[in-house]
Amino acid sequence: MDYPDVIKDGVGFMAKRNGSSTLSENVTKKLRHDILAGQYEPGSPLTVSELAKSFDVSVAVVREALTRLATQGLVLQNPNHGFSVKTASEEELKSIIEARLINESAALRLSIAHGDLTWESNVIALHHKLSQTAEYEEVDQKLAIREEWSDIHRQFHYQLIAACPNALLLDICRRLWDLSEFYRHWSFQQQPTRDGRAEHKALTDAVLSRDSDRAVDIFRTHIQLTADNLLDNL
Numbered sequence: 001m002d003y004p005d006v007i008k009d010g011v012g013f014m015a016k017r018n019g020s021s022t023l024s025e026n027v028t029k030k031l032r033h034d035i036l037a038g039q040y041e042p043g044s045p046l047t048v049s050e051l052a053k054s055f056d057v058s059v060a061v062v063r064e065a066l067t068r069l070a071t072q073g074l075v076l077q078n079p080n081h082g083f084s085v086k087t088a089s090e091e092e093l094k095s096i097i098e099a100r101l102i103n104e105s106a107a108l109r110l111s112i113a114h115g116d117l118t119w120e121s122n123v124i125a126l127h128h129k130l131s132q133t134a135e136y137e138e139v140d141q142k143l144a145i146r147e148e149w150s151d152i153h154r155q156f157h158y159q160l161i162a163a164c165p166n167a168l169l170l171d172i173c174r175r176l177w178d179l180s181e182f183y184r185h186w187s188f189q190q191q192p193t194r195d196g197r198a199e200h201k202a203l204t205d206a207v208l209s210r211d212s213d214r215a216v217d218i219f220r221t222h223i224q225l226t227a228d229n230l231l232d233n234l
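Going by this note's numbering, the first residue of the sequence shown is number 1, and it counts up by one from there.
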């Protein structure tokens, strides 16, 4: 159910405004997922009226969702041409990787220093889940990253830094992850020869042993190998 943009009656106003906000959050999540999953090509237009019809919501709800995604860097907003999916750029990808190496390395060190037994248990559980999940599937006779693996992979990397007490740093890391995922889906062409499972195992072992220097070294190598693969296929 959609709501009108302007409602004037007291309590009803607040309730329906909250409902509209929830709708916008849901549309934001769905669009964000579809963009990161490669459902929209880089640079493709995002027509507000068409999306509103597709999601069965008002244009105001869609516009709010797209504006949120624009602040996250996944959507471009042009006053004269509306909204579009961000474009792919080798220069930007290099900047994203550099920023990830700096920020996630710092967050990882802090997480290792502050993580408790519950954090360790979550790291172990997610690593096990990741290691037991197939990474690739064939779609239209092409090899593609499985959505389930991609989601668990994100959770695993988030958990590694989850004990970092700096909320702002964590927010920066999550935003950079989303931007790099955008490139992962559009740069990928064939399964790399690297052993990703072994890399994740080594990273997990170093983190659980509280060896910050080794963990950061493994993490940086892991991210750089991903970056090289993306740049080669961009």
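If you are wondering where the hints come from, they were derived from the structure by calculation, not from laboratory data. Warning: the hint list may mix true and false statements.
[Claimed, not checked] Using 27 Å as the maximum straight-line C-alpha spacing, the simulated DSS-like pairs for lysine-lysine come out as follows:
1) K29 to K53
2) K129 to K201
3) K86 to K30
4) K53 to K201
5) K53 to K86
6) K129 to K53
[Said to hold, decoys possible] Quick list of the computed label-pair ranges, beta carbon to beta carbon:
7) A125 to D211: 41 to 49 Å
8) R220 to D56: 41 to 49 Å
9) E41 to D211: 19 to 27 Å
Predicted, not measured: the structure shown is a model, and the values here were computed from it. Note that beta-carbon positions come from the ideal geometry of N, C-alpha and C, so glycine has one too.
Given a hinted range of 41 to 49 Å, is it respected by the beta-carbon distance of A125 and D211? 21 Å, violated
Need the status of pair K29, K53: alpha-carbon distance at most 27 Å? Since the Cα atoms of K29 and K53 sit roughly 17 Å apart, the hinted pair holds (cutoff 27 Å).
Is the hinted pair K53 and K201 satisfied, with a Cα-Cα distance of at most 27 Å? The given pair, whose Cα atoms are some 45 Å apart, is violated under the 27 Å limit.
Has the hinted range 19 to 27 Å been met by the Cβ atoms of E41 and D211? 42 Å, violated
Is the Cα-Cα distance between K129 and K53 27 Å or less? It is violated: about 38 Å lies between the C-alpha atoms, which goes past 27 Å.
K129 and K201: Cα distance at most 27 Å? Holds - the C-alpha atoms of K201 and K129 are around 12 Å apart, at most 27 Å.
Cβ-Cβ distance between R220 and D56: within 41 to 49 Å? 45 Å, holds
Are K53 and K86 close enough, with their CA atoms no more than 27 Å apart? 22 Å, holds
27 Å Cα cutoff - pair K86, K30: 16 Å, holds
Hint check: violations occur at hints 4, 6, 7 and 9; the rest are consistent with the structure.
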